[in-house]
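Build the full structure now, drawing on both the sequences and the hints.
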Amino acid sequence: MPTSSNATRGARLALLGVLVLTPALVLTQGSAQFRERRVVVTPPGPWTGARLPDGQPDVEGFWSNTIGNHNNLTDPQGRGAADDGPPREGPARPRRAQAGPQEKAPSRISDPADGEVPFQPWARARAQEFAAHLNDPTRPEYVEPFARCAPGGPTKSFMWHGYEIRQYPGYVVFLFDSGNRVIHLDGKPAPPETIKEWNGESRGRWDGNTLVVHVTNHNAKARLGRSGEFVSADAAVEERFVFDPAGERFTYHATYTDPSVLTRPFTITIPNKRVTVDTPVDDWNNQTFHANFPTPRAAGEPPLLEAYERICVEGNEGHGNPAAAPQP
Amino acid sequence: MNTLGRPALLAAVVLAVSGATLAAQRTGDPATLPRTADGRPDLSGIWQALSGPEFDIEAHGPRKDTPPGLGIVEGGAIPYTPQGLARRQRNFAARATADPRNKCFTLGVLRGTYSGEPFQIFQRPRDLTLLYQFGHPARTIHTNGTRHPDGHIDFWLGDSRAGWEDDTLVVDVNDFNGETWLDRAGNHASDQLHVVERWRLLDANTLEYRATLDDPAVYTRPWSLSVLLHRRREPNAQVLENYCYTLDYDRYYPVPPASTSVAPDGSGAEKAPRRTAARRSR
Numbered sequence: 074m075p076t077s078s079n080a081t082r083g084a085r086l087a088l089l090g091v092l093v094l095t096p097a098l099v100l101t102q103g104s105a106q107f108r109e110r111r112v113v114v115t116p117p118g119p120w121t122g123a124r125l126p127d128g129q130p131d132v133e134g135f136w137s138n139t140i141g142n143h144n145n146l147t148d149p150q151g152r153g154a155a156d157d158g159p160p161r162e163g164p165a166r167p168r169r170a171q172a173g174p175q176e177k178a179p180s181r182i183s184d185p186a187d188g189e190v191p192f193q194p195w196a197r198a199r200a201q202e203f204a205a206h207l208n209d210p211t212r213p214e215y216v217e218p219f220a221r222c223a224p225g226g227p228t229k230s231f232m233w234h235g236y237e238i239r240q241y242p243g244y245v246v247f248l249f250d251s252g253n254r255v256i257h258l259d260g261k262p263a264p265p266e267t268i269k270e271w272n273g274e275s276r277g278r279w280d281g282n283t284l285v286v287h288v289t290n291h292n293a294k295a296r297l298g299r300s301g302e303f304v305s306a307d308a309a310v311e312e313r314f315v316f317d318p319a320g321e322r323f324t325y326h327a328t329y330t331d332p333s334v335l336t337r338p339f340t341i342t343i344p345n346k347r348v349t350v351d352t353p354v355d356d357w358n359n360q361t362f363h364a365n366f367p368t369p370r371a372a373g374e375p376p377l378l379e380a381y382e383r384i385c386v387e388g389n390e391g392h393g394n395p396a397a398a399p400q401p
Numbered sequence: 442m443n444t445l446g447r448p449a450l451l452a453a454v455v456l457a458v459s460g461a462t463l464a465a466q467r468t469g470d471p472a473t474l475p476r477t478a479d480g481r482p483d484l485s486g487i488w489q490a491l492s493g494p495e496f497d498i499e500a501h502g503p504r505k506d507t508p509p510g511l512g513i514v515e516g517g518a519i520p521y522t523p524q525g526l527a528r529r530q531r532n533f534a535a536r537a538t539a540d541p542r543n544k545c546f547t548l549g550v551l552r553g554t555y556s557g558e559p560f561q562i563f564q565r566p567r568d569l570t571l572l573y574q575f576g577h578p579a580r581t582i583h584t585n586g587t588r589h590p591d592g593h594i595d596f597w598l599g600d601s602r603a604g605w606e607d608d609t610l611v612v613d614v615n616d617f618n619g620e621t622w623l624d625r626a627g628n629h630a631s632d633q634l635h636v637v638e639r640w641r642l643l644d645a646n647t648l649e650y651r652a653t654l655d656d657p658a659v660y661t662r663p664w665s666l667s668v669l670l671h672r673r674r675e676p677n678a679q680v681l682e683n684y685c686y687t688l689d690y691d692r693y694y695p696v697p698p699a700s701t702s703v704a705p706d707g708s709g710a711e712k713a714p715r716r717t718a719a720r721r722s723r
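Chains as they are written, first to last, in my numbering: chain D, 74 to 401; chain F, 442 to 723.
Be careful, since some hints might not be right.
Partial selection, computed: residues in chain F whose CB lies under 7 Å from chain D [to be verified]:
no., residue
1, 590
2, 592
3, 682
Partial list, computed: chain D residues near chain F (C-beta under 10 Å) [unchecked claim]:
no., residue
4, 120
5, 195
6, 199
7, 212
8, 224
9, 252
10, 253
11, 257
12, 269
13, 274
14, 330
15, 332
16, 336
17, 337
18, 362
19, 384
I should point out that these hints are in silico values taken from the structure, not numbers from a laboratory. All C-beta atoms in this analysis are idealised placements derived from N, C-alpha and C, irrespective of residue type, glycine included.
And the structure:
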């Protein structure tokens, strides 16, 4: 991306009051036009952007996280134990050990300040055990559930491929690469806690530019990263989706409170950016294609984006037999 | 007019109005249907079939694994080719293990609609989203004038492009992968299947679903099925997660206990799955 374009974007974001918490380089090649190394945080405030007929802020469309994937919760660009992550960010990308500190995105743990999950000692040991065996899964529980097509859970779903938001009176619906999720705004109480779900039950409300969601009924089976972090099914989860009224970005915050596993609550922060017709299709952040209109669209009217269906487990081949598995 | 005449007349009028109202509800009087802001019938809500077509869409007597049912195939029987019928008979014999539903695979456009588990319709002017409880996949029915993508794509849920004919949503569906069944009895179609669906509200709480299936590889002629879907009206009704395919392995993922990790099972390493559904096959 040309420098002038970066400058334009920077000026626009500054005008919007978007805070850049951690100065770092913005990559400038290939898929890096979308992917970034800095955490851009949208501040909470009033919603001044477009609204849907039911009054909700209009945040519909395709989105994706901008940094890394789910390989490593606290080192978003780190490979963690696995190495099947997003496309390499340009041929000249330095290895981790060679990357300067200014290029390193911070931990997704924005609180506490040390960027680590405040585990009780036994729980940290369990997380480390999982990470140590990720590529040596000598027990079934070491196979990361995502690898079996399980939904990613309320937070890890935002560290994976791009996804879509659709809105309706009473609902915000997330269509993820693995699994889907309905945020109820309709006041319907959550089901009894005897019902546990991978993505849990979500009850939300809009507060200015922020969608505030309480997640209950989650089964806590989806780890928070391939790095093994976890909470229990009793953890209270509050999410805050803070949307930039210009519609370009939002910041996801999830605060986990779980006295059975943690010494204190912690918050995960994940920056997200809108996928547009100008976003390079990389089969990672952007998995969309242009809708097939019967006639060319009118001048100035952008193509309409659609996504292929995302159905995972049924397409498995060679599962459990890697040597025979065709390459994707 | 005598004094007896007025009540009698009133009663007659009331009867006439009530009868008219009932008839309107049965026949989809446009004035009684819920509508969206753009004036289309509002199909949003949670729907479920009650007539049991999941077991066998053709009329059938009781079997040990199947209650008797009248079926939903118009005309009674599916017009299979000899090869199509033979495949159906093989499917039926092996249904306990061969039924994709028993592998927790996506049920498909037709079976997902009348499987007996609820699904939710979310409606916007540009599309409808159907979120099925079983397997929890989402299907999009586009109503924005777009056409099917070029070429054939193997989709579990096909590709759906629709328009409104008066108050009926008419959906053209192709790009099937041929892997789904139509019921537990092994009725089936190939990837050449072409479906035209007609969705019509009969009243606020009853949705008529009619589908015409054409598949020269399996049927001698197009045929139709029709089923009524009923709105789930319990105050707490909602679609729950049913990621059925996780049930075989979720026992391996207890929240890690403080004492020891779970006992070793001994089964070996597995690799991240191949993801195929989103890719064009031809």
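Tested hints:
1. Interface restraint check for residue 590 (chain F): the shortest CB-CB distance to chain D comes to about 5 Å, inside 7 Å, so the restraint holds.
2. Checking residue 592 (chain F) against chain D by beta carbon gives a least distance of about 10 Å; that is not within 7 Å, so the hint is violated.
3. Evaluation of the residue 682 (chain F) hint against chain D yields a held restraint, the C-beta minimum of about 4 Å falling below 7 Å.
4. Look at residue 120 (chain D): its Cβ only gets to about 20 Å from chain F, farther than 10 Å, so that hint breaks.
5. For residue 195 (chain D), the interface hint holds, since its Cβ comes within 10 Å of a Cβ in chain F; the closest pair sits about 5 Å apart.
6. The beta carbon of residue 199 (chain D) comes within 4 Å of a beta carbon in chain F, closer than 10 Å, and the hint placing it at the interface holds.
7. The interface hint given for residue 212 (chain D) is met, as the beta carbon of that residue sits about 5 Å from the closest beta carbon of chain F, less than 10 Å.
8. Of the supplied interface hints, the one on residue 224 (chain D) holds, with its beta-carbon coming within about 6 Å of a beta-carbon of chain F, less than 10 Å.
9. Here the hint on residue 252 (chain D) is kept, as its CB sits about 6 Å from the closest CB of chain F, short of 10 Å.
10. The restraint placing residue 253 (chain D) at the interface with chain F holds, with a minimum CB-CB distance near 5 Å, inside the 10 Å limit.
11. At its closest, the beta carbon of residue 257 (chain D) sits 8 Å from a beta carbon of chain F; the interface hint therefore holds under the 10 Å criterion.
12. The interface hint given for residue 269 (chain D) holds, since its Cβ lies 9 Å from the closest Cβ of chain F, which is under the 10 Å cut-off.
13. Look at residue 274 (chain D): its Cβ gets to within about 8 Å of chain F, closer than 10 Å, so that hint holds up.
14. Evaluation of the residue 330 (chain D) hint against chain F yields a violated restraint, the C-beta minimum of about 15 Å exceeding 10 Å.
15. For the restraint placing residue 332 (chain D) at the interface with chain F, the shortest Cβ-Cβ distance is roughly 13 Å, beyond the 10 Å limit, so the hint is violated.
16. For residue 336 (chain D), the shortest C-beta to C-beta distance to chain F is roughly 14 Å, which exceeds 10 Å, and the interface hint is violated.
17. Using the Cβ-Cβ criterion of 10 Å, the hint placing residue 337 (chain D) at the interface with chain F is not satisfied: the shortest such distance is roughly 18 Å.
18. Below 10 Å, beta-carbon pairs count as interface contacts, and residue 362 (chain D) has one with chain F at about 7 Å; its hint therefore holds.
19. Annotation: interface hint on residue 384 (chain D) holds; nearest CB of chain F at approximately 4 Å, less than 10 Å.
When each numbered hint is compared with the structure, violations occur for hints 2, 4, 14, 15, 16, 17.
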